[in-house]
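K.L.:
Model the full assembly from the supplied sequences, consistent with the hints where possible.
Protein chains in written order, with this note's numbering: chain Y, 1 to 201; chain H, 1 to 366; chain F, 1 to 638.
Derived by calculation from the structure, the hints in this document are not laboratory data. The model shown is predicted, which means the values in this text are computed figures rather than measured ones. Hints may contain errors.
Distance windows between CB atoms, simulated [said to hold, decoys possible]:
1) Arg509/F with Ser13/Y: 46 to 52 angstroms
2) Ile98/H with Thr300/F: 23 to 29 angstroms
3) Gly77/Y with Ser17/F: 55 to 61 angstroms
4) Gly170/F with Gln139/H: 43 to 49 angstroms
5) Ser148/Y with Gly170/F: 28 to 34 angstroms
6) Thr300/F with Ser13/Y: 32 to 38 angstroms
7) Leu245/F with Ile98/H: 47 to 53 angstroms
Backbone N, C-alpha and C fix where the C-beta goes; we use that ideal spot for every residue, glycine too.
Spelled out, the chains give:
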Amino acid sequence: MRERFVIDVGDFSRFNPGPQAPVWWGILGLVVIEATVIMAFIATYFYLRLMAPAWPPEGVEPPPLLLPSISVVLLLGSSMTMQWGSKCIENEQYNRFVVAMFTSVGLACTVLMLRWQQFQELGVPWDEHVYGSIVWTIMGFHFVHLISAAAGTLVVGILGIKRYFNPQQKIGVVVDTLYWNFVSLVWIPLYLVVYWVPRWL
Amino acid sequence: MTFRCRNVLVLAAALVAESSIASPPNQTALVPASDQAAGIASLWMAMLVGGCLIFVAVMLILALGLWRARRQEHRLSHLASRNLVIAAGVAVPLAVLIALVAGSLFLGNNISSRPPDGALHIEVIGWRWWWEIRYRDSQGELIATTANEIHVPVDRPVRLSLTSEDVIHSFWVPNLHGKTDLVPGQTNSSWFTARRAGTFHGQCAEFCGTQHALMGFRVIAQSAAEFETWLAQQAQPARRADSPMLRRGREAFVSAGCASCHVIRGVTPPALANAVKTDSKNPLSADVRSLSKARTAARDKPVPAPDLTHFGSRLTLAAGTRPNTAGHIGGWISDPQGIKPGVLMPPTMLEPGELTALIGYLQSLR
Amino acid sequence: MSQVTANMPESASSAPSEQATAELNRTWASPAGFFGWFTHVNHRKIGFRFIMTSLVFFVLAGVLALLMRLQLITPENSLMGPELFNQLFTMHGTTMMFFFAVPIMEGLGIYLVPLMIGTRDMCFPRLNAFGYYVYLIAGIVLYLSLFLGMAPAAGWFAYVPLANDMFSPGKGMDIWTTMITFIELSALTAAVELIVTIFKQRAPGMSLDRMPLFVWAILVMSFMIVFAMPTVMVGSILLMLDRTLMTQFFVVASGGEPLLWQHLFWFFGHPEVYIIFVPALGVLSAIITTFTHKRLFGYTAMVLSLVAIGFVSFGLWVHHMFTTGLPHLGLSFFTGASAMIAIPSGVQIFCWIASLWGARIRFATPMLFVLGFFAVFVIGGLTGVMVASIPFDMQVHDTYFVVAHFHYVLIGGAVLPLFGGIYYWYPKATGRLMSERLGRWSFALIFIGLNATFFPMHQLGLEGMPRRVYTYLETMGWGNLNLFISLSAFVLALGFGLTFLNMWMSRSRGTPAGPNPWDADSLEWATDSPPANYNFRHIPVVRSGTPLWDDAIANERQFVSGLRNDRREVLVTTLVDAEPQAVVILPQPTIWPVLLAVAVSIGFIGTIFSPWGFWLGFFLSFWMIVGWLWPRRPWQEN
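P.N.:
Here it is in structure tokens:
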């Protein structure tokens, strides 16, 4: 049988900073899975609410709005600083990149501290009524994700200090930003469910 | 292939034939004794015949296809293949399924519709691992409480309210109706009209823990007159202990600790079981709440057990597991774990004389 | 796309230098030795482990089933008490669904997909290894709990409140909830990896419409895993929280909802059945294509059916809840949906029949299993349509009728094709064919055994025997059928045993197979048996849906050049048309996946005993992930 080469890939770049890299798709898969998990939590919330005679239960006020609303702003801001970081890498502004990463981590830490206060302000413990259970679980779930995203970005920042990234070699920044945007944006539906649904519906 | 499917069919026929002789027809969906079970049994027969026809048809088509190539290739043309797939894979199944779904929904609607007025109302409460049965009158007042044995009049609709006080159970009397789950925190309903007298067996059908297997009960369908007599008798307080022997048995019942879980109306103070229950018209939600609160603490408390006010009138004991005879009562009192391992009733050690008196007393509670 | 046909650096027809081949083989080699074993990341190594481990679990769960059948052989048998029996059926169901059926299908995908799509490894080899260790640890912990007598005993779908701490005290259910979450993690990693590999690493020219149906089936399965598994993870996390942190999700008194668990569980649980069944459809298509030596009729219809089954299976979950007291009108929708899934299944079956029609078929063992599938699966499918009817389901739900139904569907629909697949691909993995003689005996015993075991169960269910009973009274009259069933179960077990014996013996004694013993069409048969470390000496270029047959007709094979031999390079292609797009470098063998799996296990198992276990596992895992992903020097290499 005749055998011949018809395609040569020897001169392809081995740096793949975008959707041609499988890892980009892998992180997208992670995001889809996490989003499904969050959908299941939200469905659980609405199911429990549907079956409850009163929601929140009698004697429980809907949680105060101030801190979570500030969190929305801070998280959106952190998405922007992440985006800015990616731009900096493309323009080879490595110091600015490090600043961007650490700003994002700082914003996330602020949100985490606010979140700690929000837990106190929920006005209902997790182990008395199913309302408290689901609210604590949803908020706690997002809390843990924020910690992971912040910790991951901290590592990206440290690699930035070591000058690991450059315009070719930046897939780590790209996927970290992708995940970060998911974690920060998913707060908006969770915020609406936990803080506005008891008021609106 | 044909050989094999013939085997299956022969086996099927043999099994159907064999079973109709072998099993007593008192816990089977195939010998219906109510309108509801009869409807489902007819649906099953229709589906069985249809299913057999479809199975044979598919196997024949497959066999024919394989047979074609015995000597040389006889592939189907693209068009013929397409027609086969569209006809046999889409059109025929679609028609069959639409018929089946329509028929099934029609029957299901009938079964799940509201029972006619004047239905007898019976509450069934599932416990691990026995059934509490309460009869209510048309005003919703409690008439009688019993356990593991339901009497119903023939030809009168019976409406069941079903709930559970612990885990999910499922109420199933195959001769009378399909099953309905008993879910804690909600009250499900079901109804049937028995069309012939008889004793039918029922059993819990949703896995509910250690003794799920032996959580049985009896449904006794009888004439309206017999039923009314029975119910009037069940509504009475317990028969008085009017001999020294019976009095001794009654004392043993209290002193041995039976009364901390079991109730004999008119004899024992309300036990824990009934302390949390009220006889209000809608008692269920309150019960469930008070029971489930402080769940860890509740784990070690004694749990409610069957009302024994008219124990002597029942056919079985230990939730349909043993016939209600003196020997079995004695065995059950002294070693319930030997008969139903894991059951919540503790063994009770009594002097032989005391045990005899207790058995005699329990049997006297007719 | 750089097409340079005229002045290629080396011509493929001139034998590639042995030195280069040896270098490539070294590059892709997996380290030897006991410690080396823990560093393997190659997809064939990992896929093989998945398959073998899940077969071990299959045998374990089968032994549990035989023990149960021994207990039920006579009424009121005293062989074992209810505590043990309840543990046995819980473990049997949990093992078969979570530790056998899903992992073996993933394993088959992990082993075969890269070979079938013409690449050298999966896209995330280390994640692959991680998924395997997670699976292995979860299985070992679960079985340790059985041997310590503290296994879960609330059934494989663990209905609350029974499964909650008040009614199932002890650690058994905690182990169940954590290990279920754990095994889902493994399934999700495999699913993402299979999807990305299938999307991005197909050989040039293998556009989506040229992809083997097996790969399509694995793709659909993976997507179903991605959308189904998270809900059961959420369910088991909620149950875990209820049991350990005293949340109130399933505590009725505090507004908890027992039916919430059922919704969450069956939203996963029903697709789960199809997650097992869909890859089996792929196996059937592969075997039928090869043994009729023709491309299947209705490729597009088959693909659409697979996708339709995937979608519709998410709309059926409530048909497990027909007796829970939901309103009849709402339930009706699920009757309709459950019946409708018969249509895509019917299309598949008749596409295969049309392909088999009048073809000169070689009735080798894989083909026997395929024919067995038709008989058994059609019966299971028919009873499946029956139980979709609400009134009928009210009678047979939770009885032996349903036990019969799902064993027909799962054994007929998944295990028979799977065993056909074992006979079919065994020569590729080992280089030797399995014994046909033993194979025929095995098939005959399995076929007779499974019908004799499960067919009478239909009757038992209609006669009122509920499932999950550790005993039954003699007066029920179920004794004769149960005796017959128990004896038949041993015939079935013997049939499976013969195949395992066959696998063992053929390892060294089987007829040498050569690259393509069945004259099959797909790319996995284009390489050596067993394939060399690098899978393909050169990445093939695909020009049709049956590349090997068409290459033979054209008398020409085309390849890609330019991948380096001294490091693990694979080709990335575009999603739809599979045009070359990039080259990525895959990682070397590494110990990090084991370390991460251990760290995650510490977290999960620690959580059973204290909430702090979660944080310990969380931060340990974080350090492992950093270690895993930390770039190795030199940083710049092209």
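K.L.:
Does each hint fit the structure? Answer for all of them.
P.N.:
Results for each hint:
1. Arg509/F with Ser13/Y: 46 to 52 angstroms: holds (50 angstroms)
2. Ile98/H with Thr300/F: 23 to 29 angstroms: holds (25 angstroms)
3. Gly77/Y with Ser17/F: 55 to 61 angstroms: holds (58 angstroms)
4. Gly170/F with Gln139/H: 43 to 49 angstroms: holds (46 angstroms)
5. Ser148/Y with Gly170/F: 28 to 34 angstroms: Cβ of Ser148/Y to Cβ of Gly170/F: about 32 angstroms, so the range 28 to 34 angstroms holds.
6. Thr300/F with Ser13/Y: 32 to 38 angstroms: Between Thr300/F and Ser13/Y, where Cβ atoms are some 36 angstroms apart, the hint holds.
7. Leu245/F with Ile98/H: 47 to 53 angstroms: holds (49 angstroms)
Every hint from the earlier list agrees with this structure, and none is contradicted.
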